[in-house]
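Student: Using the sequences provided together with the hints, build the complete structure.
Read off the chains here:
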Amino acid sequence: MTALVKLDTIEKRFPGVHALKSVSFELNAGEVHALMGENGAGKSTLMKILSGVYQPDGGKIIVDGLEVSLPTPRTAQALGIGIVHQELALMRDLTVAQNIWIGREPRLSFGRLDEAKLNADAAAIFESMNIRMDPRAIVGELTIARQQMVEIAKALSYRSRVLIMDEPTAALNDAEIAELFTILRQLRTEGVGIIYISHKMDEIKRISDRVTVMRDGAYVGTVNAAETPISQIISMMVGRELTDEQARIPDLSAAPMALEVEHLSRGHELKDISFTLKQGEILGFAGLMGAGRTELARAIFGAEPAQSGEIRVHGKPVQIGSPADAVKAGIGYLSEDRKHFGLALGMDVRANIAMASLPRYADKLGRINEAALARIARDYIDMLNIRTPGDAQEVRLLSGGNQQKVVIAKWLLRDCDILIFDEPTRGIDVGAKAEIYRLLTELALQGKAIIVISSELPEVLRLSHRIAVMCEGRLTGILPGGASQEEIMALATEREALAAE
Amino acid sequence: MSEKEARKGSAHQKLLAFASLIVLVIGFSLASPNFFQVDNILSILQATSVNGVLAVGVTMVIITGGIDLSIGTMMTFCAVVSGMVLTWLGLPLILGVIAGMAAGAACGLVSGTLIAKAKIPPFIATLGMMLVLKGLSLILTGTKPIYFNNTDGYTDISQGSLIGDLLPVFPLPNGVLILFIVAAIVAWVLSRTVLGRYTFALGSNEEAVRLSGVNTDAWKMGIYALAGSICGIAGILISSRLNSAQPALGLGYELEAIAAVVIGGTSLSGGRGTVLGTLIGALIMSVLTNGLRILSVAPEWQTVVTGVIIIAAVYADQMRRRSAR
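So the sequences go chain by chain: A and B. Counting in the working numbering, the first sequence runs from 19 upward without gaps. Counting in the working numbering, the second sequence runs from 32 upward without gaps.
A couple of the hints might just be wrong.
[Claimed, not checked] Here are the simulated DSS-like cross-link-like pairs (lysine-lysine), alpha carbons at most 25 angstroms apart as the crow flies: (1) 382/A with 346/A; (2) 357/A with 175/B; (3) 346/A with 357/A; (4) 289/A with 334/A; (5) 334/A with 346/A; (6) 346/A with 148/B.
Honestly, the hints are just simulated from the structure, not real lab data.
Tutor: Here it is as structure tokens:
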């Protein structure tokens with residue numbers, strides 16, 4: 019059987035970087051082939067070559083046994099290669115059908131659009147995918163998961179036989195992931211070859227047939243997904259074995275209280291939430307997407323202040339009406355969306371680390387003491403092991419894990435001793451994840467009080483000394499560390515109506 | 032794009048603007064023997080001073096990702112305020128200058144408050160301010176100019192020459208000296224101070240700055256107020272040159288200043304820009320006006336050429352960024 023797509027000894031160089039070193043990859047019709055590797059391993063570059071965005075410097079692209087060149091994305095689409103981007107590229111104010119057929123709208127005479135055919139054709143695609151979707155719905159009003167399905171439909175509308183999916187589940191909850199997988203399995207039986215990029219191990223096991231691992235721009239190997247243990251895949255990715263440790267829970271009975279939250283409420287999003295956090299403790303927050311965990315974090319941090327309730331820091335009541343108030347009280351927040359809420363991407367590492375503490379390093383005229391900041395930035399780069407050519411590097415050029423460390427450095431420099439981490443490892447590769455975990459544990463040992471919000475249960479279990487679970491804006495329970503996944507899921511799905519019965 | 036390339040890119044744009052300036056100067060010098068004369072160069076510089084000061088002030092606002100359309104009429108309003116203080120109240124010169132700058136700072140603070148607190152888009156807030164200030168200038172003066180005949184030394188602020196007193200061969204007008212001093216101070220503020228750092232940070236990612244616990248509203252208001260007080264300086268320069276505060280003047284100056292900023296390579300989407308670039312941009316505009324006039328090109332055509340230059344400058348910047356990607 020000839021492979022649907024074969025990439026043979028592909029080479030790609032960028033100025034100063036050898037991005038792909040003789041990488042080969044094969045995709046058969048009717049398989050889900052996972053492509054794994056740490057950030058910077060070259061997965062995206064390889065996929066950009068396959069979708070016509072980049073041109074290879076060497077090697078062959080073979081589709082259906084014939085060597086082809088893909089000078090533009092359009093050529094790739096014509097050959098049936100479609101890509102669903104990690105960041106959705108949809109026009110929010112247009113309808114589902116308008117998005118799918120953008121640039122290829124069916125026309126009537128005088129340049130009039132054939133809206134009826136547009137909608138009918140879109141409906142036909144969704145029918146073939148076996149999902150219900152109104153082609154006339156405005157995309158911006160759909161959930162992220164539904165938007166993703168529009169993206170998939172768009173890719174399929176090119177009669178794609180190859181579908182590239184870059185981290186499709188990053189923003190989906192479990193039910194939505196299950197729905198996505200149903201669609202992928204169906205596409206697989208129809209002979210579509212799917213290249214699936216993800217960092218989530220459990221998903222790889224659930225959905226993929228084969229796994230190809232890349233590291234540092236080179237091909238490491240291809241294994242059968244069902245028979246290969248996760249630890250082996252991870253060790254292929256990082257070049258070393260990772261042990262999956264459990265959280266070691268310290269005795270905090272004598273530790274002083276850091277944060278007390280009482281009866282915090284805001285509209286329908288947060289309903290009467292109370293909990294406490296001690297110095298040196300890591301409190302995990304589990305729950306499904308939309309349970310209100312991020313909203314809680316933003317309320318405590320003053321980004322969207324609560325309407326009622328009390329917050330005490332180190333025993334003293336504080337009024338938090340803005341992030342500036344929270345920071346003054348020693349609370350730092352690390353958003354799930356670093357690029358939008360955590361970093362000034364176009365500015366350098368030093369400026370970002372200093373962002374919350376600038377006035378402290380300036381004299382009466384407001385002159386910044388750059389020499390002192392440079393020294394401090396370099397200290398944090400060493401301490402947190404931030405991989406960057408220097409403190410003058412723009413942060414947008416760093417990998418996700420290193421960007422996260424820059425945000426951590428920002429709050430450490432500001433002397434924040436209560437740190438709220440919202441999805442601290444989202445978009446961060448496996449090796450860097452372990453490093454972030456170690457860092458959080460160390461921070462707790464130093465006496466910082468830490469809240470970790472995570473949608474990945476293994477992450478919550480691995481880090482937390484206690485686990486708070488939310489559902490629909492309520493805190494449904496606090497479990498001791500090491501609780502079982504079943505206990506957590508039970509609380510995470512304990513809906514108000516059911517609880518009342 | 033690597034960091035080195037990014038740096039190279041920004042330097043490249045400044046270089047491009049500077050090279051265009053040199054090409055213009057050489058071209059006009061070859062075309063007319065009257066162009067490259069000390070007197071003419073001085074008059075070009077003098078003609079740049081008002082637009083240059085306005086452009087330097089609005090550069091800060093534009094780096095935050097905002098815009099200030101009211102600077103032209105605000106300049107006039109500030110001139111009117113100093114005229115009232117000096118001519119009507121007969122107070123000392125220095126108080127007139129301070130009152131003009133304070134009026135500008137107050138106007139900037141109002142715009143800044145509307146933008147930061149009331150969340151009105153900068154374009155709209157300052158468009159409104161532009162009209163409000165134009166109207167106020169006319170109301171306060173009863174639509175008649177205020178003359179500074181009774182204030183000794185007022186015309187010297189712009190037209191005297193401290194440097195000429197020391198160095199008679201090169202009587203650089205004080206107006207130009209003031210432009211250079213303002214530019215140097217703003218360049219220093221932008222590159223060395225907390226205010227400057229937050230100016231770039233606001234333009235780069237305002238929400239991230241707010242979530243760092245920075246009181247972004249206050250800083251933004253401060254930046255608009257500072258830009259306003261620089262407008263006050265421009266108001267004093269122009270009224271000193273005309274020896275009067277002309278209440279009907281001002282509209283149109285904001286667009287010339289913004290054009291100078293853009294030609295100088297500052298991005299209208301914020302986060303990027305330099306004072307040096309803005310200075311070069313302002314010089315390009317006045318060299319063009321002066322040179323075309325010397326070549327007896329009709330003023331209508333001068334306007335057309337200026338428009339083409341603005342579009343060409345931004346197009347060159349776009350091309351550069353596209354090739355860098």
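Student: Now tell me if each hint is right for this structure.
Tutor: Consistency of the hints with the structure:
1. 382/A with 346/A: The given pair, whose Cα atoms are some 20 angstroms apart, holds under the 25 angstroms limit.
2. 357/A with 175/B: Judged against 25 angstroms, a Cα distance of about 54 angstroms means the pair is violated.
3. 346/A with 357/A: OK: residue 346/A and residue 357/A at ~23 angstroms, within 25 angstroms.
4. 289/A with 334/A: At roughly 23 angstroms apart (the allowed maximum being 25 angstroms), residue 334/A and residue 289/A satisfy the hint.
5. 334/A with 346/A: Holds, at about 13 angstroms.
6. 346/A with 148/B: The hint holds at about 21 angstroms.
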